[in-house]
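Line order of the protein sequences matches chains U and C. Heads up: the first sequence is residues 708 to 924, going by the working numbering. Heads up: the second sequence is residues 1088 to 1223, going by the working numbering.
Keep in mind the hints are simulated off the structure, nothing from the lab. A quick note: this is a predicted structure, and the numbers were derived from the prediction, not measured. Do not rely on the hints blindly, as some may be mistaken.
[What the hints assert, rightly or not] Straight line, CA to CA, 27 Å or less: simulated DSS-like cross-link-like pairs of lysine-lysine:
| hint | chain 1 | residue 1 | chain 2 | residue 2 |
| --- | --- | --- | --- | --- |
| 1 | U | Lys776 | U | Lys854 |
| 2 | U | Lys876 | C | Lys1091 |
| 3 | U | Lys854 | C | Lys1168 |
| 4 | C | Lys1168 | C | Lys1180 |
| 5 | C | Lys1194 | C | Lys1168 |
| 6 | U | Lys854 | C | Lys1091 |
| 7 | C | Lys1194 | C | Lys1091 |
| 8 | U | Lys854 | U | Lys906 |
| 9 | C | Lys1091 | C | Lys1119 |
| 10 | U | Lys854 | C | Lys1119 |
| 11 | C | Lys1194 | U | Lys876 |
[Said to hold, decoys possible] Distance ranges between label pairs, derived from CB positions:
| hint | chain 1 | residue 1 | chain 2 | residue 2 | range |
| --- | --- | --- | --- | --- | --- |
| 12 | C | Thr1200 | U | Asp732 | 20 to 30 Å |
| 13 | U | Arg797 | C | Pro1121 | 41 to 51 Å |
| 14 | C | Gln1126 | U | Ile837 | 25 to 35 Å |
| 15 | U | Ser769 | C | Glu1199 | 20 to 30 Å |
| 16 | C | Ala1175 | U | Arg752 | 21 to 31 Å |
| 17 | U | Phe894 | C | Val1205 | 22 to 32 Å |
| 18 | U | Arg716 | C | Thr1171 | 24 to 34 Å |
| 19 | C | Glu1199 | U | Phe894 | 24 to 34 Å |
| 20 | U | Arg797 | C | Val1205 | 21 to 31 Å |
| 21 | U | Arg835 | C | Gly1122 | 27 to 37 Å |
| 22 | C | Ala1112 | U | Ala874 | 15 to 25 Å |
Idealized CB from N, CA, C, for every residue including glycine.
Here is what each chain is made of, one letter per residue.
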Amino acid sequence: MTAVSETDRLLIDRIRGGDGEAWNDLISRYEGRLLAFVESRIGRRAVSEDVVQEAFIGFLNSLPNYDGKRSLESYLFSICAYKLTDHMRREGRRPAIRFSDGNDSSGQWQLASSARPASSIVRSGERREIEERAVVEALRDQVSRWKNRGDWLKLKCIELIIVRGRANKDAATDLGITEQQVANFKFDFLARTRSLIRKQGLSEDIFPELYEDETTR
Amino acid sequence: MAVKFTVSELEAYLEEALTPDEMAAIERAVRKEPGLLQQLAAINSRRDAGVHTLAEIWRRHRASCPTREQIGSFLLGALGKEQTDYIAFHVEKIGCRYCRANLDDMKRQQDETADTVVSRRQRYFQSSAGYLRPGG
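Looking at chain U on its own, in the form it has when it is part of the complex (with noise of 0.2 Å):
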């Protein structure tokens, strides 16, 4: 899934300029995906249909703010799910995992965070931005290598690995292979990554996991 495609890109600055009909494609085009997001979770056809329309809202709401980074369809399911978890949390489903600062009274689901205060390591966002960059770029270089070679084992090793935090033992377990054979497929992933993220001039520090077969090889 890469960032926004052209198609997609120029549906944005229709509907910035007010194009009802752009709107009406847009909706067209992605809002079954998100209705069955949602019902997968709710259930209810209804009840869906009002978080996705309160999505669709939040997309011109906040359209200002989107820079194309990720794909459109990637962005209209990130709102959908923002949507989703506010919904759940109001019928008391999902908890609300914030920092109270001592005055909120909403209940048993609060919890303030025992953990450091944001600000005494906050880093810049900027930072961020060319961090999460390197990375994407690192991970679709090997994601594409491995699709376009057939190499889909690898592949699936690795999702598991990283996307799902299974531990080596498991993943040979559900591939069916060693344990050895994973460790080699999980070095060769992070040597490479930590290789194209020096490449993009960045510190490889800011990522501990990318060590983490320093111990299991």
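Here the structure of chain U is known, so what remains is to put chain C in place on it, guided by the hints.
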């Protein structure tokens, strides 16, 4: 026995990115285990401080998701065996909510009447068009 969740799964939970069953399992566990809520809060705290992880970036940018066209071909059985197998893995085993939504949407299109779809889209349009702003 307490159910164990990986840090990546807890991160994905906060992003509403796990399968509905997994989301519900975490919500059930949170009610029984205060430590889990503490873990979720710590993840939020770390994020608020601007510290991100490979897994978050992978999910956020959907580094391995197939395109909608590929998912359509998957549904039609028009892909090769290995690619078909991978998409099934990505949706079922990785539990990608976004690709699952695309798949469910395409399946549903075959069952819904045109009238239902048109009237739903009109409702969305009518309720939101007032927020269209030139220069927005």
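How the hints compare with the structure:
no. : hint                               : verdict
1   : U:Lys776 <-> U:Lys854              : holds (22 Å)
2   : U:Lys876 <-> C:Lys1091             : holds (15 Å)
3   : U:Lys854 <-> C:Lys1168             : holds (13 Å)
4   : C:Lys1168 <-> C:Lys1180            : holds (17 Å)
5   : C:Lys1194 <-> C:Lys1168            : holds (20 Å)
6   : U:Lys854 <-> C:Lys1091             : violated (32 Å)
7   : C:Lys1194 <-> C:Lys1091            : violated (33 Å)
8   : U:Lys854 <-> U:Lys906              : holds (23 Å)
9   : C:Lys1091 <-> C:Lys1119            : holds (13 Å)
10  : U:Lys854 <-> C:Lys1119             : violated (42 Å)
11  : C:Lys1194 <-> U:Lys876             : violated (35 Å)
12  : C:Thr1200 <-> U:Asp732: 20 to 30 Å : holds (21 Å)
13  : U:Arg797 <-> C:Pro1121: 41 to 51 Å : violated (22 Å)
14  : C:Gln1126 <-> U:Ile837: 25 to 35 Å : holds (29 Å)
15  : U:Ser769 <-> C:Glu1199: 20 to 30 Å : holds (29 Å)
16  : C:Ala1175 <-> U:Arg752: 21 to 31 Å : holds (27 Å)
17  : U:Phe894 <-> C:Val1205: 22 to 32 Å : violated (54 Å)
18  : U:Arg716 <-> C:Thr1171: 24 to 34 Å : holds (31 Å)
19  : C:Glu1199 <-> U:Phe894: 24 to 34 Å : violated (48 Å)
20  : U:Arg797 <-> C:Val1205: 21 to 31 Å : holds (30 Å)
21  : U:Arg835 <-> C:Gly1122: 27 to 37 Å : holds (28 Å)
22  : C:Ala1112 <-> U:Ala874: 15 to 25 Å : holds (19 Å)
Checked against the numbered hints given earlier, the structure breaks hints 6, 7, 10, 11, 13, 17, 19 and satisfies all the rest.
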